[in-house]
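Protein chains: 2
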Amino acid sequence: MYAQTPVPPYYAVIFCSVRTEAEEGYALMADKMMQLAKQQKGFLGVETARNELGITISYWDSLTAIQNWKNHAYHSIAQQLGQNRWYRRYKIRIAKVERDYEFELP
Amino acid sequence: MYAQTPVPPYYAVIFCSVRTEAEEGYALMADKMMQLAKQQKGFLGVETARNELGITISYWDSLTAIQNWKNHAYHSIAQQLGQNRWYRRYKIRIAKVERDYEFELP
Numbered sequence: 001m002y003a004q005t006p007v008p009p010y011y012a013v014i015f016c017s018v019r020t021e022a023e024e025g026y027a028l029m030a031d032k033m034m035q036l037a038k039q040q041k042g043f044l045g046v047e048t049a050r051n052e053l054g055i056t057i058s059y060w061d062s063l064t065a066i067q068n069w070k071n072h073a074y075h076s077i078a079q080q081l082g083q084n085r086w087y088r089r090y091k092i093r094i095a096k097v098e099r100d101y102e103f104e105l106p
Numbered sequence: 001m002y003a004q005t006p007v008p009p010y011y012a013v014i015f016c017s018v019r020t021e022a023e024e025g026y027a028l029m030a031d032k033m034m035q036l037a038k039q040q041k042g043f044l045g046v047e048t049a050r051n052e053l054g055i056t057i058s059y060w061d062s063l064t065a066i067q068n069w070k071n072h073a074y075h076s077i078a079q080q081l082g083q084n085r086w087y088r089r090y091k092i093r094i095a096k097v098e099r100d101y102e103f104e105l106p
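Chains as they are written, first to last, in our numbering: chain D, 1 to 106; chain C, 1 to 106.
FYI, nobody ran anything at the bench for these hints, they're computed from the structure. Keep in mind that the hints are not guaranteed to be accurate.
Given that identical chains are not distinguished, each listed pair holds provided it fits within a single copy or across any two copies.
As the list claims (entries may be wrong) - Here are the simulated SDA-like pairs of lysine to any residue, each with C-alpha atoms no more than 20 angstroms apart in a straight line: (1) 38 <-> 103; (2) 70 <-> 100; (3) 96 <-> 15; (4) 32 <-> 48; (5) 96 <-> 78; (6) 96 <-> 44; (7) 96 <-> 43; (8) 91 <-> 1; (9) 96 <-> 9; (10) 41 <-> 27; (11) 38 <-> 69; (12) 41 <-> 53; (13) 96 <-> 5; (14) 32 <-> 45; (15) 41 <-> 103; (16) 38 <-> 101; (17) 91 <-> 102; (18) 91 <-> 15; (19) 70 <-> 52; (20) 41 <-> 83; (21) 91 <-> 101; (22) 70 <-> 82; (23) 38 <-> 65; (24) 96 <-> 63; (25) 91 <-> 9; (26) 32 <-> 6; (27) 96 <-> 8; (28) 91 <-> 7; (29) 41 <-> 6; (30) 38 <-> 88.
These numbers were taken from a predicted model, which means no experiment stands behind them.
This is chain D alone, in the form it adopts within the complex:
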């Protein structure tokens, strides 16, 4: 399901990636980072999907929370391993969510 975020404004980190062929350790690390992110102060939610392109969007209550997560010691190691092993390329966008709305079948 998609993330249950509060009323805007809040922040989104849009992480789009193309993987290498390397599988070893990836799923475990991705899972660990997901769990760790959820424990961080200011974390609001996460959404992820992958085909050829992978998209993971995490939501945060402030730019400070995003910066803290980027600099988290374990996350830093994961980022380095990601560049060395698992990702061919990726792009990260930091965005301020200004509005949202949703539809649900009755």
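Following the hints, complete the assembly by docking chain C onto the known chain D.
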């Protein structure tokens, strides 16, 4: 591949959806809307991936461009059909991209 967007700021429409079981007409409409979006003034790029959750992010140069696309006659029909047939639920977030950076293997 991910979208080749210009230097920020620009805008993102984050569309997260959960589908119904209905397949009829969906792929054709999704493809037509993708092609039509790309022809709109102010369109900058799009990224999409789907597993249980579908994530499509389109990028635009202004809120006006986003509003114009939302109100586009053909797109309005597609939105109505989407609510009637193809989507169990979806959430749309409008966000202003403030920063981006990328990694690419040498």
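Now the hints, each set against the structure:
no.: 1; hint: 38 <-> 103; result: neither (26 angstroms within a copy, 24 angstroms between copies)
no.: 2; hint: 70 <-> 100; result: between (25 angstroms within a copy, 13 angstroms between copies)
no.: 3; hint: 96 <-> 15; result: both (14 angstroms within a copy, 15 angstroms between copies)
no.: 4; hint: 32 <-> 48; result: within (15 angstroms within a copy, 24 angstroms between copies)
no.: 5; hint: 96 <-> 78; result: neither (25 angstroms within a copy, 27 angstroms between copies)
no.: 6; hint: 96 <-> 44; result: both (13 angstroms within a copy, 18 angstroms between copies)
no.: 7; hint: 96 <-> 43; result: both (14 angstroms within a copy, 19 angstroms between copies)
no.: 8; hint: 91 <-> 1; result: between (23 angstroms within a copy, 10 angstroms between copies)
no.: 9; hint: 96 <-> 9; result: both (7 angstroms within a copy, 11 angstroms between copies)
no.: 10; hint: 41 <-> 27; result: neither (24 angstroms within a copy, 40 angstroms between copies)
no.: 11; hint: 38 <-> 69; result: within (10 angstroms within a copy, 34 angstroms between copies)
no.: 12; hint: 41 <-> 53; result: neither (29 angstroms within a copy, 25 angstroms between copies)
no.: 13; hint: 96 <-> 5; result: both (13 angstroms within a copy, 17 angstroms between copies)
no.: 14; hint: 32 <-> 45; result: within (15 angstroms within a copy, 31 angstroms between copies)
no.: 15; hint: 41 <-> 103; result: neither (29 angstroms within a copy, 26 angstroms between copies)
no.: 16; hint: 38 <-> 101; result: neither (23 angstroms within a copy, 23 angstroms between copies)
no.: 17; hint: 91 <-> 102; result: between (27 angstroms within a copy, 4 angstroms between copies)
no.: 18; hint: 91 <-> 15; result: both (6 angstroms within a copy, 18 angstroms between copies)
no.: 19; hint: 70 <-> 52; result: neither (25 angstroms within a copy, 27 angstroms between copies)
no.: 20; hint: 41 <-> 83; result: neither (26 angstroms within a copy, 36 angstroms between copies)
no.: 21; hint: 91 <-> 101; result: between (26 angstroms within a copy, 6 angstroms between copies)
no.: 22; hint: 70 <-> 82; result: within (13 angstroms within a copy, 37 angstroms between copies)
no.: 23; hint: 38 <-> 65; result: within (12 angstroms within a copy, 34 angstroms between copies)
no.: 24; hint: 96 <-> 63; result: both (9 angstroms within a copy, 13 angstroms between copies)
no.: 25; hint: 91 <-> 9; result: between (23 angstroms within a copy, 15 angstroms between copies)
no.: 26; hint: 32 <-> 6; result: neither (25 angstroms within a copy, 33 angstroms between copies)
no.: 27; hint: 96 <-> 8; result: both (9 angstroms within a copy, 12 angstroms between copies)
no.: 28; hint: 91 <-> 7; result: between (26 angstroms within a copy, 13 angstroms between copies)
no.: 29; hint: 41 <-> 6; result: within (15 angstroms within a copy, 31 angstroms between copies)
no.: 30; hint: 38 <-> 88; result: neither (26 angstroms within a copy, 26 angstroms between copies)
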